[in-house]
Amino acid sequence: MKRAGVFAVMIMALGAMLMGWQSRLIFYPERLPQDVEFDLPLSAEEVQINTEDGENLSGVLHRAQASRGVILYLHGNAGSLRTWKDVTSDLVPLGYDTLVIDYRGYGKSTGRITEAGLYEDGRAAYRWLIERGYRADDVVIYGRSIGSGIASKLASEVEASALILESPFSSLVTLGRELMPWALPRLTLRFRFPNEDHLAATSLPVLLLHGSNDELIGAHHSERLADVLGARSELHLIEGGAHNDLAAFAPYHEVLAAFLTQHGGSGAAFVPTLSPAP
Numbered sequence: 076m077k078r079a080g081v082f083a084v085m086i087m088a089l090g091a092m093l094m095g096w097q098s099r100l101i102f103y104p105e106r107l108p109q110d111v112e113f114d115l116p117l118s119a120e121e122v123q124i125n126t127e128d129g130e131n132l133s134g135v136l137h138r139a140q141a142s143r144g145v146i147l148y149l150h151g152n153a154g155s156l157r158t159w160k161d162v163t164s165d166l167v168p169l170g171y172d173t174l175v176i177d178y179r180g181y182g183k184s185t186g187r188i189t190e191a192g193l194y195e196d197g198r199a200a201y202r203w204l205i206e207r208g209y210r211a212d213d214v215v216i217y218g219r220s221i222g223s224g225i226a227s228k229l230a231s232e233v234e235a236s237a238l239i240l241e242s243p244f245s246s247l248v249t250l251g252r253e254l255m256p257w258a259l260p261r262l263t264l265r266f267r268f269p270n271e272d273h274l275a276a277t278s279l280p281v282l283l284l285h286g287s288n289d290e291l292i293g294a295h296h297s298e299r300l301a302d303v304l305g306a307r308s309e310l311h312l313i314e315g316g317a318h319n320d321l322a323a324f325a326p327y328h329e330v331l332a333a334f335l336t337q338h339g340g341s342g343a344a345f346v347p348t349l350s351p352a353p
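Throughout, my numbering is defined as the position within the sequence shown, counted from one, plus 75.
In case anyone wonders, no lab produced these hints; they're calculated from the structure. Errors might be hidden in some of the hints.
[Said to hold, decoys possible] Estimated spans, in silico, between C-beta atoms of each pair:
1. Ser164 <-> Thr336: 10 to 20 Å
2. Val111 <-> Asn152: 12 to 22 Å
3. Ala306 <-> Glu120: 37 to 47 Å
4. Asp128 <-> Asn288: 33 to 43 Å
5. Thr336 <-> Asp161: 22 to 32 Å
6. Ala153 <-> Pro326: 18 to 28 Å
For each residue, glycine too, the CB sits at the ideal point set by N, CA and C.
Kindly produce the complete structure, drawing on both the sequences and the hints.
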């Protein structure tokens with residue numbers, strides 16, 4: 076009994092440690108001084124976005140010529156806008172303005188990372204776009220890796236033209252069970268991101284992009300999400316693609332362009348009002 080009691084205490088201690096260290100295990104933000112200036116082309120500008128819970132998010136909006144709409148890009152778990160701002164080079168040429176944000180705790184954005192807070196960051200970025208004249212049916216929500224959790228939640232709550240998920244997971248609990256089966260993720264994870272549940276609540280057309288050789292989040296996660304979505308989804312496995320290199324493969328660009336042509340908004344050119352954020 077004594078050994079069983081000691082073991083139980085050890086498990087509880089391990090669980091408490093995991094609860095406290097989860098942000099550091101899951102998120103790898105790069106923090107930036109507030110006076111850092113990004114090297115941006117003339118077609119882009121840095122913007123500030125206020126959240127309803129009092130945080131300030133740093134973002135970069137890249138504008139396309141004769142814009143067909145806007146892509147709200149929710150990036151992966153590491154880095155900051157210092158590098159993520161350049162992801163727009165794959166999207167703007169397709170005719171879409173693209174807003175990339177740093178979540179709370181990333182880059183120059185204020186705040187501490189929580190699941191509820193990250194969901195609010197997605198909502199705040201969406202509201203910012205609508206307040207500046209973008210129509211809901213011209214907004215494409217794009218989530219990559221951890222960003223798929225924020226994007227899926229947002230897509231379950233708002234109107235938009237489409238949802239794109241790159242290298243998503245079915246839920247963070249499921250992924251945690253695969254990566255750390257010894258850690259009792261169902262009991263200890265405070266970040267859950269139940270993408271399956273959130274996608275079941277959206278009616279948007281969804282593009283799922285996944286590398287066949289993804290070493291971090293297996294392609295079966297996208298396959299599971301495709302099962303949940305049914306006819307509303309298009310699943311494309313990029314042969315040979317890993318977790319961070321899908322843009323290096325021609326099929327990624329071909330599939331993305333075709334999906335946006337079909338689902339990416341009205342196609343009507345417009346110029347939104349880009350007044351400073353309040």
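Results for each hint:
Evaluation of the 10 to 20 Å hint for serine 164 and threonine 336 yields a pass: the beta carbon distance comes to about 19 Å. Roughly 21 Å separates the CB atoms of valine 111 and asparagine 152, a value that falls within the hinted 12 to 22 Å. Checked against the hint of 37 to 47 Å, the pair alanine 306 and glutamate 120 passes, with Cβ atoms roughly 39 Å apart. Judged by the Cβ atoms, the range 33 to 43 Å given for aspartate 128 and asparagine 288 holds: they are separated by roughly 39 Å.
The given range of 22 to 32 Å is respected by threonine 336 and aspartate 161, whose C-beta atoms sit roughly 24 Å from each other. Separated by about 25 Å at the C-beta atoms, alanine 153 and proline 326 satisfy the suggested range of 18 to 28 Å.
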